[in-house]
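Student: Below, each chain spelled out in residue letters.
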Amino acid sequence: MADDQQTAEPVEEKPFKPSSPSSKLNFDGFWEYNDAPQSTDSIEIKDQYDLFIGGEFVAPEKDRYFDSVNPTTEEPLTSFAEATQQDVDKAVKAARKAFTKSWSTLEAKERGKYIFRLARLIQERAREFAILESMDGGKPIRESRDVDVPLAAAHFFYYAGWADKLDYAFPGKKAEPLGVAGQIIPWNFPLLMLAWKIAPALATGNTVVLKPAETTSLTALKFAELCRDAGLPEGVVNIVTGAGQTGSAIVNHDGVDKIAFTGSTEVGKIIKKSLAGTDKRYTLELGGKGPNIIFEDAPVDQAVEGIINAIFFNQGHVCCAGSRLFVQEGIADKVVQKLRDRMETLIVGDPLDKNTDIGAINSEQQYNKINEYLELGVSEGADMYQASCELPEKGYFCRPTLFTNVGQSNRIVQEEIFGPVLTIQTFRTAQEGIDKANNTPYGLAGGVWTDKGSKIFNVSGKIRNGVVWANTYNQFDPTSPFGGYKESGEGREGGLQGLYPYVKLK
Amino acid sequence: MADFTQTVPIDQVGIEERVARLNKRSIKKESKVQALKLALSMVDLTTLAGMDTPGKVRQLCQKAKEPYAGLPELPQVAAVCVYPNMVNVARKALRGTNINIASVATSFPSGMSTLESKLEETRRVVEDGADEVDMVISRGEFLKGNYEYVYDEIASVKEACGEAHLKVILETGELQTYENVRKASDLAMEAGADFIKTSTGKVKPAATQPVTLVMLEAIRDYFYETGRMVGMKPAGGIRKAKQAIQYLVLVRETLGTDWLTPDYFRFGASSLANDLLMQIVKQKTGVYQSADYFSND
Amino acid sequence: MSDRVEVLKTYKTYVGGNFPRTESGRYYKVYDGDDNILANACQCSRKDVRDAVVAARDAVEDWSSRSAYNRGQILYRIAEMLETRKAQFVDELETIGYKSKEAKAEVEAAVDRLIYYAGWSDKYQQVFGSINPVASSHFNFSMPEPMGVVNIWAPEESPLLGLVSVMAPVIVGGNSCIILASEKYPLSAVSFAEVLNSSDVPGGVVNILTGFRDELLEHMTTHMDVNAFFYTDTGISQEDRKQIDENGALNLKRVIRKPVEDWEAEDTQSPYFITDFQETKTTWHPVGF
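Residue numbers (the numbering used here), protein chains in the order written: chain A, 79 to 584; chain B, 16 to 312; chain C, 265 to 553.
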């Protein structure tokens, strides 16, 4: 193994042969993996974090702080400043000043170079970011290390290059920045969502006031350090922490030209309503209830892996999660059997263990919500199956869960649970699959699995989703636009299309 | 006989992503020691060279019996694998041990001879004392779609094996696609293979993890359907303990722990055993090892 | 011989390819340029909106799955039909006060605008779609797709050119629509429905209602089966604007407001009017054997 430089430890003698074989697949007992904890030795977390406004860390006007809990230990990890109306006002003014005085007067290619610097600084401190992300939010280190942080860096790298090439992005038009962008991000991918928001905003010449989610603000404030280290002109990026009220202060601030929000459809609608009658532009990335459609001619083993990845990635705290599985009847039993066996190999536990597949549910509130849905599913008459894995005694952990014997009318099929909970329905014909997939107000993302090329194009064309993963699921890339149809949001993030929400075209 | 003109679809990117993810398992401490020993017990210590001599084979058997004098309690390898004309030599050298003798047969590695001579060769190695026969399939016939021929050939060789276990080498490097690997696996299992094996070691690429995963999944589906456990043997190119542990992870998370025994999983390898030994000693002493301290037979 | 009695046209709506009168039975008076009563127009009700949305929803699947080439040809066909009835439309515009030169200019501009958008039918996807060079082994592309059903308030002025200018980019992109005609000058819209009806435009793709904005604002902007709302008038009150936006929040209806003063200006035709009514769909597929 790569990093086994530690000295010898006394090792317990274990047998090298299992006992007699059983009649079904057996994932227990013989040869368990030992703990493989990620070291946190080099990580420094302060007791308290201030706001980042105008290039400096400043205490909040009202001097109020709130605790952030590590969902694995249920203990407070640190505390963050609660930004009030006055703090937000200060941040917006700092952003406005930076927009008019420095950022908009800077040559585009120089602007790009600052963004490249940010990308590089994230790469340099990647491991630290990954560990903090897992401690603060509960996601497995394997994901924060291999997905969140590298993608965040890639996002800055991608958009940095756009800064001086905007003339090529909008045929026949000239793009101009909007001004100050107010950005509000969720707790499921804290640093990555920050990158999705800040990178295109800066590349197009806007300045930013960003509010991370109250349960996961740590990496945003670490990112603020990077902005300082990168020598980014003061006020170009401002980070204000707080809960809904802070977000609302940003949304309703007159000095903000654009709102970018990622979060629930419920809050998205409130924001859209708050912006009614104003000239503020906005993009919304909201909820989903992603259909994942498996045809009987699919590569079944890869589809099973895709189903697992679709619903259990990041504890199911993914707006584009494939939470509604539709399996063609002929292979439904086989798929469910394989899914159950596959679920037995999922390791639920300490997010900082390198072998953990499913970490902690982000907060007590979310944990309770998921459990309510589990109860609801059972009371709606669905059959619940859960992996038999052990759960840590402390912390907010949830077993990977399947519901079968469900229908379109069940609430667990209709509502976004935002947890490791999958509902399974069957269909007979392609048209039935498509109709069921589209029978929802959401339209963010979905999957189609079939070996037949022409069927992929047909079905993916008919699914009313902003992203269709064909024979794969939950893939992300900075060059690839992401965003929803219908109640899953407005606008796109990522790719060339992701520049559009941050410019006015002349 | 199942309809082998039907293809079980396999997505290359999906298979490779799954392997990449499994490779991220971090195997430490006791679980690592356990894995190293387990892997050692699964090795088919192999010499398959045109220049093999009785002397070479005897030395290999010696290595099989006593892999590392410093740790006499270590498990033995599962088998010694030799050419047909060396079975006698190996039998004598391994007398009184539990180490199996495996012999390649059926005009290994090309398989380019008549069925008659393949059967004759199979009977001969079994008569000479081989416990296990590693046959090669007729890839030419397979690739041109003559599945019935391949099936019948395997079934005939299986019959000729009598009590000996049959490992069927698919030579996956020549089958080119995962779908062919899957089809050949299904065909071999249905025709009676006790083990399916990736490669002869004479064709590149030899064993790879994605190919092995495809075969493990075929074994799993066959088990779901019939309840019969078929063994798996990746062979060729597996030299390092780290790779071996990765293979074990593949097996554990695809087929479960019942397959983690030499009865159902083998490594066809020559230099792997020493790297496993070096890692075992390293785990015991905490000191990185040098090849100078490990016999190279 | 007595003078021939002129046959007057009844002002109807256009829904699902038919010409019904408003279900409400109500009408309002339309005046010509000299304030003489010209006709009785349908004062459509919320139920007319409801029926039109049903027709538009029914039509959109077929329309959006037509080939781009076919949609382009149909738009071109509308232009041909309008060209052949040029005299009628000039005449009608003159009736409401246009000078003949202005009327001719507006009709010709409307024909040209249809041809402009007809030409875009199979090009905007190329200009605004993309192949995205993702880092993994996947083929990844993004294509604009129609939003679905769009409610439109046609401009109050330029009753023909304005109508055509808001309709064409919406339908060329595969959407269906319900258009509330200019309140004051609905005649061109009513006649334009006849053009549509003879132009191979499938019934329900374009639905034209007449009536009062104040009355229909709520129903056109709250309807949960409508994907977007489009208006361009600069004269809409701040209060109405806010209400439109707030109602849009009900189902995240896309509210597209593009204030336009002069529909003959060059920048009032643009492929960006098409993409305003498109959603980007991104599709991933592995690349392997």
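The set of hints was computed from the structure by calculation and includes no laboratory data.
It is possible that part of the hints are untrue.
Below are the DSS-like pairs computed for lysine-lysine, each with C-alpha atoms no more than 30 Å apart in a straight line [what the hints assert, rightly or not]: (1) Lys347(A) with Lys387(C); (2) Lys351(A) with Lys432(A); (3) Lys159(B) with Lys530(A); (4) Lys102(A) with Lys257(B); (5) Lys44(B) with Lys533(A); (6) Lys71(B) with Lys44(B); (7) Lys257(B) with Lys472(A); (8) Lys514(A) with Lys311(C); (9) Lys243(A) with Lys293(C); (10) Lys506(C) with Lys387(C); (11) Lys311(C) with Lys584(A).
Student: Find the hints from earlier in the document that the structure breaks and name them by number, from lowest to highest.
Tutor: 1, 2, 5, 6, 7, 9, 10 and 11
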